[in-house]
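Protein chains: 2
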Amino acid sequence: MSKKSDKSEDKQDTMEKIVSLAKRRGFIFQSSEIYGGINSCYDYGPLGIELKNNLKKAWWKEMVQLRDDVAGLDSSILMHPKIWEASGHLEGFTDPLVDCKKCKKRFRADHLLESKGIKPDFRQADFKKHKIKCPECDGELTEIRDFNLMFKTFMGALENKASEIYLRPETAQGIYVNFENVRMSANKKMPFGIAQIGKAFRNEITPGNFTFRTREFEQMEMQYFVHPAEAEKWFEYWQQQRFEWYQKMGLNKAKLKLRRHKNNELAHYAKAAVDIEYDFPFADKELEGIHNRGDFDLKRHEEFSGHDLKILDEDSKEKYLPYIIETSGGIDRSVLAFIVDAYTEMEARSGDKDAKHETETVLKLHKDLAPIKIAILPLSKKEKLEELSMSVYGQLKENYMCAYDTTQTIGKRYRRQDEIGTPYCVTIDFDSLEDKKVTVRDRDSMKQDRVNIKELRDYFREKFGY
Amino acid sequence: MSKKSDKSEDKQDTMEKIVSLAKRRGFIFQSSEIYGGINSCYDYGPLGIELKNNLKKAWWKEMVQLRDDVAGLDSSILMHPKIWEASGHLEGFTDPLVDCKKCKKRFRADHLLESKGIKPDFRQADFKKHKIKCPECDGELTEIRDFNLMFKTFMGALENKASEIYLRPETAQGIYVNFENVRMSANKKMPFGIAQIGKAFRNEITPGNFTFRTREFEQMEMQYFVHPAEAEKWFEYWQQQRFEWYQKMGLNKAKLKLRRHKNNELAHYAKAAVDIEYDFPFADKELEGIHNRGDFDLKRHEEFSGHDLKILDEDSKEKYLPYIIETSGGIDRSVLAFIVDAYTEMEARSGDKDAKHETETVLKLHKDLAPIKIAILPLSKKEKLEELSMSVYGQLKENYMCAYDTTQTIGKRYRRQDEIGTPYCVTIDFDSLEDKKVTVRDRDSMKQDRVNIKELRDYFREKFGY
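So the sequences go chain by chain: A and B.
Quick note on numbering: the first sequence equals residues 21 to 486 in the working numbering.
Quick note on numbering: the second sequence equals residues 21 to 486 in the working numbering.
One or more of the hints may lead you astray.
Same chains, same names: a pair is fine if it fits in one copy or spans any two.
[Stated by the list, open to error] Lysine to aspartate or glutamate pairs mimicking EDC-like chemistry, simulated, CA-CA at most 20 Å apart:
| hint | residue 1 | residue 2 |
| --- | --- | --- |
| 1 | Lys417 | Glu82 |
| 2 | Lys81 | Asp388 |
| 3 | Lys387 | Glu111 |
| 4 | Lys77 | Glu250 |
What the hints contain is simulated information worked out from the structure, not anything from laboratory work.
No experiment lies behind these values; they were computed from the predicted model shown.
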């Protein structure tokens, strides 16, 4: 076997271990599992939702709380259908599909072309010229037709054209149509941004790679409104900001890259685009896109809504339509990247004698992202010890998401906490009854501090910053 | 005019003021407003999303973080369609509708009956017997037919029966189908609960009362799994817990009540139900329902999925299907209740001489819910003062959502902060340059403390608890 295939097997193996850990420890479950599952939808378990919420909180703090020039928003998933005409989604948000005339199976035309090594310029491609047949039964394929990726439903009592609405395929449009409402109510001066976290839905024909590409997903988007002459500057600025944020939150810099789109890759709305990519076990894939969308969006919404969305510059008296710099990140795929990146296998090191020769898994998550911040572990179930431990637990859980665990050996309990990324374990032993001190163990350095119970709150405030 | 109608006009007036404040200050906007709006969908502005997030955070802390017997979950909106067969929604989650044969307008049959003073036992009611005609054109009405309230869409490339799925009308079912996954991964012993916050969708024919009843809404639900013999005890327990929580978060006790459902009001799944109602300006309306659902849900999911969902009691060796006690709260209507309850008009009191005789609005929100925690207000725009003010702002915003405002008089600025419920204003004046102290004003007591800038973080930690 070549070195390359070894590596790719290792990577597949890593993904399998992560999917298994995610289910076993309650990070991510297949949706509707007892019903056989539903393709490409996932549920976040007790630890997964903490991790996801922590990620959202960190993003919101960075993008809204710490900034004067960005305001938050939460627009609804169901919006006026004309918005999707204006945005271009109704017409252009499509995948090219072909059917097999013989076995009736359906395929993405661009994927079939790619698999034959043909550049998927599918709108012009002639399947017959390239003699492309059904990959399953060798049957003849239909013409390519465009399939819209928006989920459609009906609002009101009738199911007809007039009541058709869509599940939003991106949160961005909810921001654009609220541009004036936010600017006026939050009294923002140019340039400023609007940030939003929320669900979006795309009826993907080929979702996959666990939670990387799903039909229901969550976005963290920020749209920054600028004078056209400053668009290029802000486009550069936001690339750097966002690239650095993923590193600050703990992703390995060597696995991250900025990839600039070539002109023929650009979406219809984009003047320039850069992806922040992460080296997932299955491929380098996009975590977030930073786009210079020009004035495409506001111009279209002016046209379709009849509202003037221009800005009057008080000094120059110039009236202009702002350009938009967008930072559009995927929450589910970021959660996955943080888990993948944190996943570490090492020689047993937890001090559990029974497990000396086993491999231990440590999830080296940034402490702001870790689902459980502190685990309280009484050395035994003796009443006096549990009493003291419960009081320590009661004191700490007021400010931190904590776990309390009394089962099995202390070594096994350390390993269980390491596996879910808990940064600190507090052990209460018989000495604690005398000296009123506990042992705090650091997940990564394995360093142990003996801390006075009275000073524990300050000790952790120092560690977590709150 | 009678006293009663005076009161009801006052109440309408209050709602109008609240809707206007909500838009003007950026709490809540009509969705898709520049397109003429979309019925019954709303967007949360910069302040609204902070308030909503604070409410979610407070609920999560109370229901998950502080409890050992409740685990969190975040299940997807799109689920396996068979779940809605099992839950009874496909068959029974309907409104009774009639059409006018002449003008083609559509009406809720139960509402038409109610408007004639007839008890809306509509399934048996004979419209002809009661001679009920179209209220618009006096035309003849069709037979009553059931209209399902679930939004339907199609997953995958084909639009047919096999690809039909639904937007969940409640988050609860996502919890039930994950009962085993959560119990195993979080290692929970009976009794225990699963808590979830998330969106749900109902194609209501008559939504209304601002954000009270909307087609897209957010729920905060907790499902508590218990031994059948303990169901009544836990049903009582959770009523009290939830009733007290709304008071703890600041709602006026006199405006809250517990209303027990009569037997003929109970939903198909419920053995007993209690509503926590709030005295809104438009009526006493439900904020949250506490239900004893018996074993209806798990029994149905056992039957439809073929999975054994029973619990083995380790001591008695008894195998049993848990009963479920549900606490199901509406986030949007709770946000509305907290705004309504906090809304206070009082004589001008902010020290702004120009405004002595004007009425001032104060939003007396609980400090944990207030969108902005601290406003930093330099007395003038002098450079030295702004420099010091910015450094105070920079220090505080690390831990608190802050505002920085230099426009207009200090009195007007206090009033702007009062109107959005900011609990503390920090004023930096020329003395501050000398003594390194600032003035902290309390929204409710109007009391002013002179605090050393170095001690400001500790001062607010004391106030907020973090």
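| Violated hints - listed by number, lowest first | 3 and 4
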